[in-house]
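Line order of the protein sequences matches chains A and B.
Counting from 1, one number per residue, gives the positions in the first sequence under the working numbering.
Counting from 1, one number per residue, gives the positions in the second sequence under the working numbering.
The hints are simulated quantities; they were obtained by calculation from the structure and are not laboratory data.
Any given hint could turn out to be false.
[Unchecked claim] Pair by pair, the computed Cβ-Cβ distance ranges are:
1) A:K154 - B:R325: 37 to 43 Å
2) B:E192 - A:D22: 43 to 49 Å
3) B:G149 - A:Q43: 44 to 50 Å
Where a beta carbon is used, it is the ideal one built from N, C-alpha and C, also for glycine.
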Amino acid sequence: MKILANGMHYSALNAAVRMAEDDVEIVNCIGQRYIGAGLLRRQIVIHGTPGNALGAYLNGAEVRIDGNVQEATGDTMNAGVIEVHGSAGDATGYAMRGGKIFIEGDVGYRCGIHMKAFRTQKPAIVIGGRAGSFLGEYQAGGTIVVLGEHLNGKPIVGNFCGTGMHGGEIYLRTDELSAALPAQVKAERVEGELSEEVTALIKEWCARFGREEEGYLNCVYYRLTPNADNPYRQMYTPN
Amino acid sequence: MELYIRPDYEVVRNESRCIACRVCERQCANEVHTFDSETGLMRSDESKCVNCHRCVSLCPTHALKIVKTDDTYRENANWEAQTIHEVYRQANTGGVLLSSMGNPKPYPVFWDKLLINASQVTNPPIDPLREPMETKLYLGSRKVKIERGEDGLLKDTLPPQLKLSVPIMFSAMSYGSISYNAHESLARAAEELGTYYNTGEGGLHKDFYKYGKNTIVQVASGRFGVHKEYLEAAAAIEIKMGQGAKPGIGGHLPGAKITEDVSETRMIPKGIDAISPAPHHDIYSIEDLKQLVDSLKEATEYKKPIIVKIAAVHNAAAIASGIARSGADIIAIDGYRGGTGAAPTRIRDNVGIPIEMALAQIDSRLREEGIRDNVSLVVGGSVRSSADVVKAIALGADACYIGTAALLALGCHLCRSCHTGKCNWGIATQRPDLVKRLNPDLGYKRLVNLVSAWKHEIEEMMGGMGINSLEALRGNRLMLRGIGLTDTELKLLGVRYAGESL
């Protein structure tokens, strides 16, 4: 089903998406919020620019956007895929608990904050460009990969990466860590063999955005994980 | 025992009564009691005692009592023993002091300085035993445009409402901070009473989805356990912006309480302290809050009321005015005496304002601005009795949240040690051997008893005032008079002094 979105209020647009019986193509999207909120199945293709909280609580649907997305994309997403052929704003994948987000370009601040996982339910975000400050803040699970294309002399990740992290992992494709990491984060240099899981994520990103796998797999990565020697517990004393 | 800190309590054992049955030893998760096989006598290590009264309550021969120690430091009205101990603790460890339950400091309790009216001679009292009393109420936004269909009939444009048979709900206490059995007791009681319990920010255990129509689910900054089914299972969704016990501070769940089940429900690693920060990192304004409200409404197709919960703080009235314009249906306000499973001591004891003041000011502000009907108001943060409920409603609340009182009904003895995870009453713990001490079959009945008793008392007080429905009591501040209050306090509460006639 094709929906001509120009001039439509977001609640009318979302109601139309919910009611649709098959896949949906949204044309002339002009900033409507909450597209696909909580949606279970279905493929949604968006032409134009969706508004904030695209795919919030997404529950299995696949969303493809042929441009940029704004803030809080995939907020508290549970399952499904969001594929962005452009860049994403702040708080992308906030508290994501399942599914995958693939970004061709950059992401803003606080990407992957509060991301969490349990057993087989493991969310992932793969970012083609660079990430802003507070990447993976309070991360409790899941995987974030930053591939660092087109850095133009800027750092691959901003400040305070992984502040409050207590689970999950972040991979940065870089030869050296540019910014200081918080004491609660441990960084290890990975050369050559990446885990199966991360390899698969990078391959999927390459396939979705038409890149050669070779240039992204055989590189130096830094893997960031919570520092088990320095948990938060030591901050408190029972009274 | 920590350096320099002498025990606060003494375990006094009447040796002539003690039969060394070792019940106290088995019941104490703090390991205060031990059996000395050489002498055949029980021994105690007071330094571990938290004064939870488990041993006292279960001693079959009433041989035990816990008394405040009369060992003293040199008397000093400024440096009390507790203050001195806190300094020692921090000098010992370098840590932030962590406490639980509500603010225990001797601040004024304004509920106790308000008196309720009764009718005499004219407008006679109503006998609730013989006459119908309406304690049913609805929570939600009443902001509606009257619209008629083409047939001329009124269209139903009323936003979704919560229906309560009594103006009392169980406030947010997360699975994690309290036990499975405590949650089951609250859920079953809410169902039987025709009211609601609140999951807190820890998600909803899969076994409790069946109580969904009596469940309020919470969405907090950490978004623990939030997903489509969780939102759909609920009767209403509460966005937690703040908590009365720790305004400006987020959740803290000690690692000891994060068991396999809690880890699954919250999707966080086992055994590691879970910290959810105070701010929602996507909310920096009322407009941002509106975005979260709207996204939750979109995800649940506008079928459920959205509650926004804030701590009572200095500018609560202005904040509430913003929330009332954010699309929220209900505002929950939590006073500075509200309980918590763990909070930094300094925050708990020094931040926030009394719920009575916040409520009176918010209700007045919303009325002045003509937006009181946009939202319902629910207040909590130490509502201790049916009289507190009546006073809250007269000050402008639609309903109350009770937390500490509900835990007391389940057996809590207010030892304020929830953060240790070793609750001997099976409430604020995840240790299976302790959790099973709380029988939900009995626990839920005790909660039903408590709220039913309060309901009777509310009806009697209303009847005494000549009022037969909560609607007529809500915001009816002429039914209150202050005692022992200053002019400023009377003005803020919007009540007259005792003895002052119309």
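Going through the hints against the structure:
no.	hint	result
1	A:K154 - B:R325: 37 to 43 Å	holds (40 Å)
2	B:E192 - A:D22: 43 to 49 Å	holds (45 Å)
3	B:G149 - A:Q43: 44 to 50 Å	violated (37 Å)
Of the numbered hints listed earlier, the single one contradicted by the structure is hint 3.
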